[in-house]
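Undergrad: For reference, the chains in residue letters:
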Amino acid sequence: MAEEVLLLGAWASPFTSRVELALKLKGVQYKYSDEDLNNKSPSLLQYNPIYKKVPVLVHNGKPIVESQVILEYIDETWQGYPLLPKDLYERAIARFWVKFIDDKCWPALQKVFIGEEKGREKAVEEAYEVLKFLEKELKEKRFFGGESIGMVDIAANIIGYWLGACEEATGVELLTREKFPKLSNWIDEFVSNSVIKENLPPRDKLVPFLRHRFGL
Amino acid sequence: MAKSEVKLLGAWPSPFVMRARIALNIKAVEYEFLQETLEPKSQLLLQSNPVYKKIPVLIHADKPICESLVIVQYIDDVWTSGPSILPSDPYDRAIHRFWAAYLDDKFYPTLRSIRAAQGEEARKALLEQLAEGIALLEEAFGKCSQGKAFFGGDGIGFLDIAFGCFLGLLRATEKMGGVKLLDEAKTPGLVKWADRFCADGAVKGVMPETEKLIEFAKVFMAKMRGAPAK
Chain A
1 MAEEVLLLGA
11 WASPFTSRVE
21 LALKLKGVQY
31 KYSDEDLNNK
41 SPSLLQYNPI
51 YKKVPVLVHN
61 GKPIVESQVI
71 LEYIDETWQG
81 YPLLPKDLYE
91 RAIARFWVKF
101 IDDKCWPALQ
111 KVFIGEEKGR
121 EKAVEEAYEV
131 LKFLEKELKE
141 KRFFGGESIG
151 MVDIAANIIG
161 YWLGACEEAT
171 GVELLTREKF
181 PKLSNWIDEF
191 VSNSVIKENL
201 PPRDKLVPFL
211 RHRFGL
Chain B
1 MAKSEVKLLG
11 AWPSPFVMRA
21 RIALNIKAVE
31 YEFLQETLEP
41 KSQLLLQSNP
51 VYKKIPVLIH
61 ADKPICESLV
71 IVQYIDDVWT
81 SGPSILPSDP
91 YDRAIHRFWA
101 AYLDDKFYPT
111 LRSIRAAQGE
121 EARKALLEQL
131 AEGIALLEEA
141 FGKCSQGKAF
151 FGGDGIGFLD
161 IAFGCFLGLL
171 RATEKMGGVK
181 LLDEAKTPGL
191 VKWADRFCAD
201 GAVKGVMPET
211 EKLIEFAKVF
221 MAKMRGAPAK
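Sequence order for the protein chains is A and B. So the first sequence is numbered by our numbering: it starts at 1 and just counts up by one. So the second sequence is numbered by our numbering: it starts at 1 and just counts up by one.
Hints should not be assumed to be uniformly reliable.
Label pairs and their computed distance ranges (CB to CB) [to be verified]:
1) B:K180 with A:Q29: 44 to 52 Å
2) A:D103 with B:M221: 44 to 52 Å
3) A:Q29 with B:Q118: 47 to 55 Å
In the DMTMM-like style, the derived pairs of lysine to aspartate or glutamate whose C-alpha atoms are separated by at most 25 Å in a straight line are [claimed, not checked]:
4) A:K26 with B:D77
5) A:K40 with B:E132
6) B:K41 with A:D103
7) A:K62 with B:D183
8) A:K26 with B:E184
9) A:K52 with B:D105
10) A:K62 with B:D89
By construction, these hints were calculated from the structure, which means they are not laboratory data. Glycine is no exception: its CB is placed at the ideal position from the N, C-alpha and C atoms.
Extracted from the complex, chain B is given alone in its bound form:
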């Protein structure tokens, strides 16, 4: 398939874009990465994602697919010659999907709020919430991995992608906040998993460096402070 047949519209700091890239890498799909400017949003973005106007957008043979987890499932459905991303057993698939939804509905909003939190009290409360979530995920890791390297078993799976994409942000939050979120004592499974995930061939090239993310977060926060009050 010609490289131009598969395009991904995205931006380097986005964990959601990373999900799509990891999935494409796992399947060894050649694709064209289109860096989205976001300010202002490109015509291509507005046309291909009129509902949300957000990245990532996968464009396959000129047909757009939006929403990162929908994209990952699509990639898994279409490119069947590569390793499977979702588990084969329907119950295991349900477990992966459940936790992926938890990550998007509960975990990520909390993680993102920490950046904009006003005051120490608010920040502490959010960090506690996050820690509770991480504890749940440590337990889930034990159950899903069954002693193997990843949530998906021997290789990276759906839930690894759904969660692993946030590692950059987690590490940046740790550094900026002087806190430990993934802790050898409390979450030993996840600590080892995180290292394995980041070292994996499908992830290495697309995981942004923590320092770069911190820079990006600082710029973002400065913009937010400079922005007029809502």
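Okay, chain A solo, but in the shape it has when bound:
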């Protein structure tokens, strides 16, 4: 049976980008369908009735939702490039950090860039605390995954690319090389990686989009 892989996404969404990245690293052929999140398609509502969100991966007609769940599915379904480490303990550590990024980093970043100005100083302090954990976790590694990109690096795309775009859109400086030298180096590695580079939404499109999103 011919394999059918469809991805419903939104071009500006880091969560959609994660899935595209994983599929590209695995060399999976897929069809991409961009969603207008202000006018959600019947397909989206049918495939993800609970959250009505992107990304949705549809594999041979069966939908999988939630980017973390999708990444695990992709790693288990398609061989080749491993997204998770082989070592079982390292694997648990990777899963821990992926969860940390979604549970702690994402909300902290949102508070900084979307939150009200009067709460900004506090939000920045809180974001620093969160980012410090990731700075420490990098240690001397090139990527969170070691020598090559892994699931944690993919999940950290919000820091690798979207954070910088948000800084540009809002004029708020958060992640400086001085405060976060390791993360800064990691960001350089992240955006210069050949597979990642080709699959990021263009900066000159993303920044105005974010500005508009933030009501600026």
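Once you have looked at the hints, place chain B on chain A.
TA: For chain B alone, kept in the frame of chain A given last:
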């Protein structure tokens, strides 16, 4: 493997700690249970979970693993001679993971908020939200179990553990609130599943009694009322 090789840092009322215990029981892993005092938090807890400072923490050959669902997956990955916890098919695994995330991101926060809800209106709204979630889970149970005993099929699986750990809290909420959350009429599948789950050998010894949980909740709520306003 020596018993001291596997330690679990936890506390009896915690549903998240229960997840780890059930998983270890399924795999028949001998482990040392370290009761965490929480007030104040022990040195071991602060050292082994510096990010969240929360239980459970599994310590395997001196290496800590945190976050209950990460722990359960680790246990499943490592102890392969016991029954599998996650389904073998990647799509089924995705379904289990999806619902486990739903339980942690949506269901549990709602359940926990009921305790601290101010006023009847707020409580009613939360109970309605919870009921909607339970209805979704009843449907999921039908699809996942395919007529068998558990979400995982013949034996307890990942989603059974992720959801079943909240049964104590659900029952306590029912009793304290005079409401029925798992109802023979509305959620017959889950009602039978709940009984089977609680009776299972891997669960029986680690599911706290509803009365004890109610006591614990009362103490907790009294503390919250006594605490200075934020």
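Undergrad: Take the hints in turn and mark each one as holding or not.
TA: Against the structure, the hints:
1. B:K180 with A:Q29: 44 to 52 Å: About 50 Å separates the Cβ atoms of K180 of chain B and Q29 of chain A, which means 44 to 52 Å holds.
2. A:D103 with B:M221: 44 to 52 Å: Check failed, 26 Å falls outside 44 to 52 Å.
3. A:Q29 with B:Q118: 47 to 55 Å: holds, 54 Å
4. A:K26 with B:D77: holds, 22 Å
5. A:K40 with B:E132: With Cα atoms ~23 Å apart, K40 of chain A and E132 of chain B stay inside 25 Å; holds.
6. B:K41 with A:D103: Given pair K41 of chain B, D103 of chain A holds - Cα atoms ~22 Å apart, limit 25 Å.
7. A:K62 with B:D183: Between K62 of chain A and D183 of chain B the Cα gap is close to 31 Å, so the pair fails against 25 Å, i.e. violated.
8. A:K26 with B:E184: Not satisfied, since the Cα-Cα distance of roughly 47 Å exceeds 25 Å.
9. A:K52 with B:D105: Satisfied, since the Cα-Cα distance of roughly 15 Å is no more than 25 Å.
10. A:K62 with B:D89: holds, 13 Å
When the structure is compared with the earlier hints, violations turn up for hints 2, 7 and 8 and for no others.
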